[in-house]
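Add chain A to chain P, keeping to what the hints say.
One line per chain: the protein sequences are P and A, in this order.
With the numbering used here, letter number 159 in the first sequence gets 184, and the count goes up by one each step, no holes.
With the numbering used here, letter number 40 in the second sequence gets 65, and the count goes up by one each step, no holes.
Calculated directly from the structure, the hints in this document are not laboratory data.
One thing to keep in mind: the hints can contain errors.
Identical chains blur together in the list; that is why a pair holds if it fits in one copy or across any two.
[Unchecked claim] Pairs of lysine-lysine residues, derived as DSS-like cross-links and limited to a Cα-Cα distance of at most 25 angstroms, are as follows:
| # | residue 1 | residue 2 |
| --- | --- | --- |
| 1 | K98 | K148 |
| 2 | K88 | K244 |
| 3 | K244 | K148 |
| 4 | K113 | K148 |
| 5 | K88 | K113 |
| 6 | K244 | K228 |
| 7 | K88 | K98 |
| 8 | K113 | K244 |
| 9 | K98 | K228 |
| 10 | K98 | K244 |
| 11 | K113 | K98 |
Number of protein chains: 2
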Amino acid sequence: MATGSLITTYDGDPDNLDVPDVVVERLPLYVRVLTNLASDGTDMVSSEQLGDQLHMTPAQIRKDLSYFGRFGKQGRGYNVVALVAQLKGILGLDRSWNACIVGMGRLGRAIISYPGFAPEGFKIVAAFDADDGLVGTNVDGTRVRSLSQINHTVSEDGISIGIVAVPASAAQAVIDALVDAGIGAILNYAPVTAHVPDHVKIKNIDPVMSLQSMTYYLKR
Amino acid sequence: MATGSLITTYDGDPDNLDVPDVVVERLPLYVRVLTNLASDGTDMVSSEQLGDQLHMTPAQIRKDLSYFGRFGKQGRGYNVVALVAQLKGILGLDRSWNACIVGMGRLGRAIISYPGFAPEGFKIVAAFDADDGLVGTNVDGTRVRSLSQINHTVSEDGISIGIVAVPASAAQAVIDALVDAGIGAILNYAPVTAHVPDHVKIKNIDPVMSLQSMTYYLKR
Chain P
26 MATGSLITTY
36 DGDPDNLDVP
46 DVVVERLPLY
56 VRVLTNLASD
66 GTDMVSSEQL
76 GDQLHMTPAQ
86 IRKDLSYFGR
96 FGKQGRGYNV
106 VALVAQLKGI
116 LGLDRSWNAC
126 IVGMGRLGRA
136 IISYPGFAPE
146 GFKIVAAFDA
156 DDGLVGTNVD
166 GTRVRSLSQI
176 NHTVSEDGIS
186 IGIVAVPASA
196 AQAVIDALVD
206 AGIGAILNYA
216 PVTAHVPDHV
226 KIKNIDPVMS
236 LQSMTYYLKR
Chain A
26 MATGSLITTY
36 DGDPDNLDVP
46 DVVVERLPLY
56 VRVLTNLASD
66 GTDMVSSEQL
76 GDQLHMTPAQ
86 IRKDLSYFGR
96 FGKQGRGYNV
106 VALVAQLKGI
116 LGLDRSWNAC
126 IVGMGRLGRA
136 IISYPGFAPE
146 GFKIVAAFDA
156 DDGLVGTNVD
166 GTRVRSLSQI
176 NHTVSEDGIS
186 IGIVAVPASA
196 AQAVIDALVD
206 AGIGAILNYA
216 PVTAHVPDHV
226 KIKNIDPVMS
236 LQSMTYYLKR
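This is chain P alone, in the form it adopts within the complex (with noise of 0.2 angstroms):
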């Protein structure tokens, strides 16, 4: 395991910085928190309050925290306005970002649909579906469109990140499509495991496999 004193300053540039996945996947889960805080009203936060709030060691919060600069004050905790700031703008959260979402069946329907992304920076601004019985119809205000315009869409709207919700047997396809356009990171609906090349980032939402990890625990 990496030493727990390595203290760096945050320059900006993911390359630059060997952040381990897993930390970087836990940072929207402290802005939560913070947020959360920060609209109770809550000025400063300890370690060990977060820790208690996150069901993780203060120590491991000190160590996730310290990858990206010196937030704390020993003894004080954390500003929480300004952790909350500081958080977003590392994580690319103090901007918007344009995503296009890959199938218009039910899910698909059903995701363009979900509130919780526009307040989040989220805005999908393009449907794409491989039935042309659809393509020209609006789903929530966006036109659906064919999947031969991903490529002109995605440079002429700024789409960096690509939802899919189309059938398994069609996913890898639409995937590579997505790629192929410049898309950067891809939420995955579909229940295959989909290869991407390195400078792609791809999250699978798998219920199935979320289900299956709980069995364990049932068992008895």
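Only chain A this time, still in chain P's reference frame:
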């Protein structure tokens, strides 16, 4: 961190063995990769080959599996079919589980019609909604019941798993009702961090948080 030399024999009772949650969460991934290998006709697999497929070190794989007993033969690797069967038994995936779903809006309808659950042994046998206008209607062959039926239905139909697809504002109350009814595992699609007692497991499907950890890498 735990010692690397811990070898225990799995006795079927999760309470008797201190297996870290993160290890349990990786087992379904092992099952999926091994199942694919088995259907490709692969007899034996080394921890190196598994590591290549899972982007993990062979040592990590051997350590994960060592929590549950001795599976591999030194120098020969693992018998694929036998290891799948053993891991499925450990995870409780050698049987089927009854689930219910609360919330029959667009998302709930997408979930109940998702074809990925049944082949893996998860049967959604009951659906609930707070809207009296939906109660009594059929969605994909499942009759929608009122929330007041949760308690009765869960015990009557032997339901262990609850899937929550209600708006954020309703989620905690629904989760409390499921816990009161005796549900042991909850798959929560509502964008809230819900509270459950220690004996209940909960997993959140949280697309925003998945997006928020990927934007870190998009920033360059």
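Evaluated hints:
no.: 1; hint: K98 x K148; result: neither (37 angstroms within a copy, 52 angstroms between copies)
no.: 2; hint: K88 x K244; result: between (35 angstroms within a copy, 23 angstroms between copies)
no.: 3; hint: K244 x K148; result: between (41 angstroms within a copy, 16 angstroms between copies)
no.: 4; hint: K113 x K148; result: within (17 angstroms within a copy, 40 angstroms between copies)
no.: 5; hint: K88 x K113; result: within (18 angstroms within a copy, 36 angstroms between copies)
no.: 6; hint: K244 x K228; result: between (29 angstroms within a copy, 17 angstroms between copies)
no.: 7; hint: K88 x K98; result: within (14 angstroms within a copy, 38 angstroms between copies)
no.: 8; hint: K113 x K244; result: between (40 angstroms within a copy, 12 angstroms between copies)
no.: 9; hint: K98 x K228; result: neither (35 angstroms within a copy, 34 angstroms between copies)
no.: 10; hint: K98 x K244; result: neither (46 angstroms within a copy, 28 angstroms between copies)
no.: 11; hint: K113 x K98; result: within (20 angstroms within a copy, 48 angstroms between copies)
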